[in-house]
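Number of protein chains: 2
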Amino acid sequence: MRTSIATVSLSGSLTEKLTAASRAGFDGVEIFENDLLASALAPGEIRSRCADLGLSIDLYQPMRDVEAVPEDEFARNLRRAPHKFELMQELGADTVLVCSSVSPLALDDDDLAASQLARLASLAQDFGIRVAYEALAWGRHVSTYDHAWRIVEAAGHPALGTCLDSFHILSRGSDPKGIEDIPGEKIFFLQLADAPLLAMDVLQWSRHYRCFPGQGGFDVAGLVRHVLRTGYDGPLSLEVFNDVFRQAEAGPTAVDAHRSLLVLQEAVGVGELPASVVPTGVAFAELVTPDAEPVSALLGALGFARTARHRSKPVDLWEQGEARILVNTGPAALPHSRLRSSGGTPINGTGLAAIGLESPDPRAAARRAEALLAPVLPRRRAPQDAPLDAVAAPDGTELFFCASGRDPELADWRADFAAVPHEPGSAGARIDHLALTQPWHQYDAATLFHRSVLGLHPQESVDVADPYGLLRSRAVTNGDGNVRIVLGVGAAPADDTLHAQHIALAVPDVVAAARAFRAAGGGLLPIPANYHDDLAARYELADDELDTYRDLGILYDRDAGGVFRHCYTRTVGRVFFELVERDPGYRGYGAQNAPVRLAAQHAGR
Amino acid sequence: MRTSIATVSLSGSLTEKLTAASRAGFDGVEIFENDLLASALAPGEIRSRCADLGLSIDLYQPMRDVEAVPEDEFARNLRRAPHKFELMQELGADTVLVCSSVSPLALDDDDLAASQLARLASLAQDFGIRVAYEALAWGRHVSTYDHAWRIVEAAGHPALGTCLDSFHILSRGSDPKGIEDIPGEKIFFLQLADAPLLAMDVLQWSRHYRCFPGQGGFDVAGLVRHVLRTGYDGPLSLEVFNDVFRQAEAGPTAVDAHRSLLVLQEAVGVGELPASVVPTGVAFAELVTPDAEPVSALLGALGFARTARHRSKPVDLWEQGEARILVNTGPAALPHSRLRSSGGTPINGTGLAAIGLESPDPRAAARRAEALLAPVLPRRRAPQDAPLDAVAAPDGTELFFCASGRDPELADWRADFAAVPHEPGSAGARIDHLALTQPWHQYDAATLFHRSVLGLHPQESVDVADPYGLLRSRAVTNGDGNVRIVLGVGAAPADDTLHAQHIALAVPDVVAAARAFRAAGGGLLPIPANYHDDLAARYELADDELDTYRDLGILYDRDAGGVFRHCYTRTVGRVFFELVERDPGYRGYGAQNAPVRLAAQHAGR
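Note that the protein sequences, when read in sequence, are chains X and U. Just so you know, we're using UniProt numbering here: the first sequence kicks off at 1 and counts up by one. Just so you know, we're using UniProt numbering here: the second sequence kicks off at 1 and counts up by one.
Next up, chain X with everything else stripped away, as it sits in the complex:
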């Protein structure tokens, strides 16, 4: 189906919005009147610009407070309308959105509404324009889609149809099944938006908190299925008012938006996307650093052994059990590092730059990612390298799809490495989870990316009190928990470089691992005694157990499924490690201990 986006959904000047929509692959746009008024481009120039960008202008919006008003008021409305219809002719837009009236002058009189809308439609028809009438959820007398449709039906004018908007329908809890009673050719337009399920005033909810389909709590796909059954063949168009998107760069927002429509189309069975290929494990995590020494010392103390060296690049492989870390001391300015400056976080000093994900079918995984607008990275970074499939996540992290040694037909990243003599590392460790700080404006985008591109399951977003603001984080995991990524954002847009990334290592015995780390010269994050005093009050722990936790800075959490014990290393650059011992049934990440950890990290700076 054709895809469209309202200009109000994107940040910037009209030109920036149109460019971003085009680059992200949209077929058309809705022009929001205020964006036109504020633009220095004349309507004809906007039309040309859109044509150059391959965009149709699918809707001009909105006209307000038109219908069901006293005749003198309506006469004024009719006198004003030709101004807009002429403008639309210059734009080359053939459909105008009329929102149900919120005016105190509006009368609760469906016959009057119908007859006035028919008169407006007659006038519009003279200009070759169609009128799409939409029920605002807070319309004065008309606030439901079925009511708006009854008025359109009563008007019986060929140039008058209805516009459906998923936010207005689902925010009121209306049953969208009734949409199927509307003939498809009378649905002149379909606007889509999702929203988090907030108990709040619907106008404020609509104006500030809408999001793209799949990022909120509405069943937008279910609604679209009803619409498709009517035979509707217009565009799927996004109209999202969101305070965050207003501030964010238009380019990444438009990509996120278009991705949401691709996923939606897949969900309703009209899109053609390569099937999802869910990763089964973490092959490696790659750190880039200008100075290998501090990272090497940290890895050594953690029990990693340096097992191999890249054949052509300054990259070392460190291993411990099933955990593999690459340490890259090459130039941090990788070929695709422009991604980082476009919404992503530039890597200064030591950072987590790439993740290798074990994939049942790396090529297929990359094809799906590409179809879902993930930038594809060059398969070979150097001529002699194994041809790996890799894409960039929204935060700039490189994701490599790996088939480590499973199939001789498939490239193996390890073939690029030559073994070096080494002592064996500690056994039993694996990567429990990776925590990545996201660009602040792209928290929901990051979730949608990991869900749709990688097929990971998002868990609930949690607020975490840092001493200097509320952070948010959300885990995305595969089915068996062998891939867990925690996506976090700081308290404010400027904070994304302030907060560290981390690698959590699952170990069989966190006490033993922490002791060994310290014995090897590693620095553990000290945890205040007050925390452990409180543990003593909350849980019935043996005194010597508590003393051990105190000594090592081990934190403790428990849920219905089991116990979670964890501790932290000091930070190197932007990266630190966590050692975790997780009961199989425990589902979380020790979020309730995070404020204490964060305060301790601030105190140590």
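Source of the hints: derived by calculation from the structure; they are not laboratory data. The C-beta atom is built at its ideal place from N, Cα and C for all residues, glycine as well. It is possible that part of the hints are untrue.
To spell it out: a stretch of chain U is covered by chain X in this simulated footprint if at least three of its residues, at any positions, have a beta carbon under 8 Å from a beta carbon of chain X; those stretches are [as the list claims (entries may be wrong)]:
1. 83-92
2. 195-201
3. 468-475
4. 481-494
5. 533-544
6. 569-575
Chain X is fixed; fit chain U onto it per the hints.
Coordinates of chain U only, in the frame set by chain X:
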């Protein structure tokens, strides 16, 4: 009365919070448990620190899910309680907050709740501790203050009382009059918070949107009056969970907080503040600039004449009718410029640094400001200067209280200036309003400051769509509109230096003024033709009138009281001028045209 603040209301480490509370003049604090847990200070050290800072520890909070649970669960709670009571002894805190249970285990059984609370109180009493039981608005079975009080009354234990919290009471719409039925000595604590009137889930509202009394929509003063009638003599204590305050520097937040309690005490008749002295006009606005040339050219083109020169400093006075602008090319690092680095906006290049306000009693105005924690500026900047009363606003703007030539007994700022030969400036102009960008985290603080310190009336906050995010602004005015200040904030915390300040000049004829400005070489902000095309659709304006507006970039607005016509100059540094022609009945500031103006300003960069 004694004033206190919960540590959760402030940002930073516990040490930073305590320091900020003390410096702002609080008498005590509530220690929020998580702040203690995350602190490296032992309880005894916290006690000493508070003593050194002159702070008592008035409350330790909270204990949760204690009461009305099955006996085995309650037995566990009782086993845990001594840990906390011992901790409180070390802290020197004698009152603990117990919140009504939200546990799914809690039973709807007031007798059980009363008996268990009495048992807890008996245990507490052994440690010399009192238990203050509070109804959370979202408590499972106990969610209103009168219900909590009935349980406390039924328990009949001397160490058990109630804690009242204005948020929990007013957010549920409870009538606070019933508070008077509670004996004052059984009100063990009073927590105060205001909140904007939002229709939203009460838990989210409470956790993220509380604000200080006078910054929201609740009648906190009314509630406090009921409490005082009971004979309550404990502290007035602020407990505010607010996402913005969590991020903001603790120092300015604590000052804002304490100011709110001073104003509240005045409102309920228990404080002693010098009476409010409302300014009657704008004596001058002062621009600082490293280069007088661009500003002088702009002022000259606007019809200002350079009429006088400061006797000892590089400051020129420019006049036009009743509008007076000082242009200061001296060092921008004024004695109090440290204020700007503490939450205020540093002035880079050309900025609006000071405002002279005509005051019926400058000394009294300064005394009130000082009593309300405004930093007082040196009366004489140089030995020979007139001794003026001046304070700093939260954004660092200097406010001078002036009595320009009204009373020979009072210092006159104009005495510092010597006339220079000049052509007369244009007649008829005066300063309509001054628009000042506020530090993002201090929007509500700025409003409270201008209301309480200056006695100005805040109008509604309005959202304005900038192409790159939603801005907010709120006007504060005196009764007759001769003093109007518009306080604005950017879309995100980092934006405060991006947005310009401006001086709006009221002129008798904006068309004539704009033409004269252009004829004198001034640059008007061009407004897109699309805007004026839309004006033609919305209003029945004569064609030649519209052509004039188009030509000059004049914007047009109309409300029930009249018409507002305005246009803008190009920006110099951070400052631009607006020319406005305001019908006497028009109340606004052309906010609906602001998106077009902002887009035009972005386009011109």
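A quick look at each hint next to the structure:
Restraint check on the stretch 83-92 of chain U versus chain X: 3 residues with Cβ-Cβ distances below 8 Å, three needed, restraint holds. For the stretch 195-201 of chain U, the assignment as covered by chain X holds, since 4 residues bring a beta-carbon within under 8 Å of that chain's beta-carbons and 3 suffice. Only residues whose C-beta sits within less than 8 Å of a C-beta in chain X count toward coverage, and the stretch 468-475 of chain U has 3 of them, enough to reach three; the restraint holds. Figure legend: the stretch 481-494 of chain U, annotated as covered by chain X; annotation consistent (4 residues with Cβ-Cβ distances under 8 Å, at least 3 required).
Figure legend: the stretch 533-544 of chain U, annotated as covered by chain X; annotation consistent (5 residues with Cβ-Cβ distances under 8 Å, at least 3 required). Chain X is given as covering the stretch 569-575 of chain U, and this is violated because 0 residues of the stretch bring a CB closer than 8 Å to a CB of that chain, at least three being needed.
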